[in-house]
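A.B. asks: Hey, can you work out the whole structure from these sequences and the hints?
Chain by chain, the residues:
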Amino acid sequence: MSEPVLVAQQLGRNLPGEPPVTLVADVDLAIEPGKFTAIVGPSGCGKSSLLYLLGLIDRPTTGHLLLDGRDMTPLSGDDRARIRLERFGFVFQFHFLLPEFNALENVMLPIRRLGRLSLEQAEARARDLLGQMGLADKMLKSPDKLSGGERQRVAIARALANDPVLVLGDEPTGNLDSVNSARVVDLFRQLAHEQGRAVVCVTHDLEIAEVADIRVSMLDGRISEVRRK
Amino acid sequence: MPARALGRLGLLIHIAAKHLLMRRRQTLVAVSGVAVGVGFFLAVSALMVGSQADFVKTLIDTAPHIIISDERRSPPPQPGVAAYGSGAVQLHGYKVRSEVRGIKDWQALLREVNDIPGAIGSPSLSGAVTLRVGGREEGLAVVGIDPSIETKVSTISDKLRVGRLIDLERVQGGVIIGEDQAQRLALGMGDIVAATSARGGTRNLKIVGLFKRGQMQLGSGTGYMLLREAQSLLGRPFIINRIGVKLTDPYAAQNVAAQLERRHAYKAESWQERSADFLGLLLTRNVIMYSVVSAILLVASFGIYTAVSNSVADKRRDIAILRSIGFSQGDLQLVFVLEGMVLAVIGVVLGWGLGYVLMEILGSLKFPISGDVQRIPLDRSSRQYLIAAVASLSAGIVAAWLPARKTALVDPVDILRGAV
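Line by line, the protein sequences are chains U and Z.
For what it's worth, the numbering used here labels the leading residue of the first sequence as 1, then goes sequentially.
For what it's worth, the numbering used here labels the leading residue of the second sequence as 1, then goes sequentially.
FYI, nobody ran anything at the bench for these hints, they're computed from the structure.
Where hints are given, some of them may not hold.
To be verified - Output of the computed footprint for chain Z on chain U, the stretches with three or more beta carbons under 8 Å from beta carbons of chain Z:
1) 70–83
2) 106–114
Said to hold, decoys possible - Stretch by stretch, here's where chain Z covers chain U in the computed footprint (C-beta under 8 Å, at least three residues):
3) 52–61
4) 90–96
Quick reminder that beta carbons are idealized off the backbone N, C-alpha and C, glycines included.
C.D. replies: Below you can see the structure in the form of structure tokens.
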């Protein structure tokens, strides 16, 4: 077992109200680099909520989240945004590309925001990533001119734009046919096994659950079972 | 680091511009609102500032900047009062001393005026005479001047319809009167008219010039003569009762006048003092103008508010996506403020063009006024362009910033989970 990159300690999230609604409770979980982790469970079990907590998009109401041993919970919104930009890549069920920008520009957005590369270098990196996704001839198309599978691959390229250590997917194959689905699953597996990233996917998809190295099952906001391959 | 900050700004402007290009109609409406506001601001303020400058210039130039007259603001005490003051003395049969009118030792005063840097003084004597032609009689306020000096001090030579001021020196008994008075007396150039002063002296005067009608400060019953001849006609040789002073800097008039008055006790009136009522009116006019004109610019910025407000509502999904990628709340607020700024900048540039065209049109209009063709006075200085730009940009930034704050209310989690 390698050193975990992200550790959840007694992580919980309530929605305020009378009585408060529990989305996630008492989650202890270690996410390891080079491993493909799948979070499964019935709808409404809190698996997506957990993913947003792990991805620093939502804030926990209880517990702690450690990234490389550093507690993320007290950080400001701006610091968390910076860490998302540098360390995380997200892929959602819907492609979530910006409709005003073409494929290449969408992939360049996080690179340009990070600002470590010049505009030319950013474009070269985005072209390279889209090439790896088999989209070399579709780079200048706007999202609505691409097929569902192509859009999702553009979204994956964008998630990888700043070379993140963590790639999080929220039902990434939920809207794809079986061929495209298999292709995305294979990509995710490569990201973990060949590129050494920590990949976490929330899914209903049995195929993903089969491929995953670690399968985390959730029920009513709590982890019910963790099975390692 | 500045390069990186610039790169970030460039990216955010890129996003803002894309948003605006996707909503062309709204962009067009907001931009034209600002453009029309700026254009009319320029036209109206050019008119107002221009006419005010023209008016003040007329006010300054029609008469000398300072007029020293033989009056005193408070008359000197009578000898009796000076001698006994508050003493318990009763005087009988006391004869009041009457002052001889006229400025005493005026040559010295004139020399002193001319020693002030940038100042020229012109002595004159004014008095009343009666003109008599055939059976008609009419009063004339006659002013005796030295034409070569007077032309340096006042603009009366510009007000002549016919003749020249210098002709006064060439023609024995020459006089210049207003053309409407000449008409009433049926007089023309070269005609002879008899003039009688209050002291009984009578002389024949010859018309050598006519003033245009309708001149402020030149009443219809004012006439100009040579100083020497006026002194003899009025029976007051060597006496003058007025010194007109012209300054290179008209706005120094108040100080110079106060200084002269302190030294010589004769009343020295600056043009500001003479026109205090007009200057007060101008102040009111400016307050009115700036309130109307800033209302125009303010209303123009409402278009920006609407455009940015709709954009924020429309782009909630994009906001959530960008936040998940790692854009901060500040980044997204800035995107929408930049949208407002881009709208304002384009609007200002177009408005400059519109304002320029409006001013060209206003400037080309001609109005015939009392026989002259006059144009509307316009102030076309770059200062107006700058004020319009700064005011519109600030209003645009505020108008964009108000709705841009709402981006903070967008919860990415809600949208990313539920969005279609």
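A.B. asks: Each hint should be assessed against the structure and marked as holding or not.
C.D. replies: Hint by hint, here is what the structure shows:
Counting residues of the region 70–83 of chain U whose beta carbon lies closer than 8 Å to any beta carbon of chain Z gives 5, which meets the minimum of three for the stated coverage. Chain Z is given as covering the region 106–114 of chain U, and this holds because 5 residues of the stretch bring a CB closer than 8 Å to a CB of that chain, at least three being needed. Under the rule that three or more residues need a Cβ within less than 8 Å of chain Z, the assignment of the region 52–61 of chain U holds, with 4 such residues. Coverage of the region 90–96 of chain U by chain Z holds. Counting CB-CB distances below 8 Å, 4 residues qualify, and the rule asks for three or more.
Of the numbered hints stated above, none is contradicted by the structure.
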